[in-house]
Amino acid sequence: MSWVLARVDDRLIHGQVVVAWGRHLRPKRIWVADDAAAANAWERDLLATAAPEVDVRVVTVAEMAAVHAGEAAAPGAAFLIVRNLESARALVEAGAAIAAFNLGGLHYAPGKAKVNEYVYLDDADRAAARALIARGIALDVQDVPQARATPLAALDPASARA
Amino acid sequence: MTSGTPAMLVMHSDLASALLRAAEKVYGPVEGLDVLSNEGLSREDLEQAIGRRVADWTNGGLVLTDFWGGSCHICGVAAARGHGDVVVVTGINLPVLLDYLHNRDAYGPLALAERLIRKGRDSIRLHHGQPA
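So the sequences go chain by chain: A and B.
Per my numbering, the first sequence starts with residue 5, numbered consecutively.
Per my numbering, the second sequence starts with residue 946, numbered consecutively.
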C-alpha cells in the first residue's frame, strides 16, 4: 500500500495533515523529506510529537530518494511531505518515482505572488513546477480532502508554460 | 495592562478573536491578552509572530492554542524554545479561558497551566436528557 499522499507544505506536519488527511487516509508513517529539519534533533522530535499515533520519520531529500522505492512496498499507508517545490523537484530528480504532488500550503513570503489563499509562488517556485510538469508529474492544489483538487496550471498558467 | 501571568491566544482562523469576544460577554472587558490567527502564515512567520510577543514576557507566560499537532501548537512550542518559563497549552475552550482570566494574577505560568488543564478536563461533561 504505502504511498497515498505526496504533499508540498511549508508547515510540514500540522493540523490539515494530521487531522484532515490523516483521518481520511489513515497513514501508518509520515515521512518528512527536509534537509533543515533532518539536521536538527530538536526539530525532529517536535515533528514527531505533532502526530503522536503515527511513525514520523524526518530525513534529508537524498535519504528519502534512496528509500522511496522500498517504502512503496511496505505495509500500511504512508505520507510524504516536502517543504517546497524545489525539494519536490530535487526528490524526483534524485530518483523518487512520484506521479503527483498535492500542493497544500505555500504561504506568502516577500516576492511571492498569490495563486490562491494558501499558495504563493515566485519565479523559482514556477521553474520547479515546470520541471515537475515536464516530467509528467501532476501538481494538484488542494489543502484538505473535502476541497476540490485543481491543477496548478489551471490556477497559474505561468507554472506550466514552457 | 494586567500585572499577572501574560498570555496570548493562537488559534486557527477567527477562533482566538471569537473566543475572546465570547469571554468578554461573561467576564467583561479583557486587557492584556493578545490574539493571533495562523491564517495565511507560513510556519516561519507564525513562529516569529509568536516569538515577538514571548520575548516581551520577562517572567514567562502562556501560549494558549486550540489543538495538539496544529500549526499554532507547533509554532508555539518552537517560539517558546529557550524560554523555560513560557508554557504552551492546547485544547483551550471558553471555560479554560475564563479560568485563566480569573486566576492570572494568582499563579505563575507553570502552576496556572496545570490549573487550566484540570479546568479544561473538568469542563467537558455529559448530561443525559430525561425520558418524557
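Where hints are given, some of them may not hold.
To give an idea of the interface, some chain B residues facing chain A are shown, with a C-beta separation under 7 Å as derived from the structure [to be verified]:
#: 1; residue: Ser987
#: 2; residue: Arg997
#: 3; residue: Gly1014
#: 4; residue: Gly1015
#: 5; residue: Ile1019
Listing some non-contacts, in silico: residues in chain A with all C-beta distances to chain B over 12 Å [to be verified]:
#: 6; residue: Gly19
#: 7; residue: Ser91
#: 8; residue: Ala101
#: 9; residue: Gln146
#: 10; residue: Pro161
Worth flagging that the hints you see were computed from the coordinates, not collected in a lab.
The structure presented is a predicted model; accordingly, all values stated were derived computationally and were not measured.
Glycine residues also receive a C-beta, built at the ideal position from the N, C-alpha and C atoms.
Comparing the hints with the structure gives:
1. Satisfaction of the interface hint for Ser987(B) is found here, the shortest Cβ-Cβ separation to chain A being roughly 4 Å, below the 7 Å cut-off.
2. Annotation: interface hint on Arg997(B) violated; nearest CB of chain A at approximately 17 Å, more than 7 Å.
3. The interface hint given for Gly1014(B) holds, since its Cβ lies 4 Å from the closest Cβ of chain A, which is under the 7 Å cut-off.
4. The beta carbon of Gly1015(B) comes within 4 Å of a beta carbon in chain A, closer than 7 Å, and the hint placing it at the interface holds.
5. With 7 Å as the threshold, the beta carbon of Ile1019(B) comes within range of chain A, its nearest partner Cβ sitting at about 6 Å, so the hint holds.
6. Distance to chain B contradicts Gly19(A) as a non-interface residue, since its nearest Cβ pair spans about 4 Å, not more than 12 Å.
7. The Cβ of Ser91(A) lies farther than 12 Å from every Cβ of chain B, with a closest approach of about 14 Å, so its non-interface assignment holds.
8. The Cβ of Ala101(A) lies farther than 12 Å from every Cβ of chain B, with a closest approach of about 28 Å, so its non-interface assignment holds.
9. Distance to chain B confirms Gln146(A) as a non-interface residue, since its nearest Cβ pair spans about 17 Å, more than 12 Å.
10. Residue placement check: Pro161(A) keeps its beta carbon more than 12 Å from all beta carbons of chain B (closest about 23 Å).
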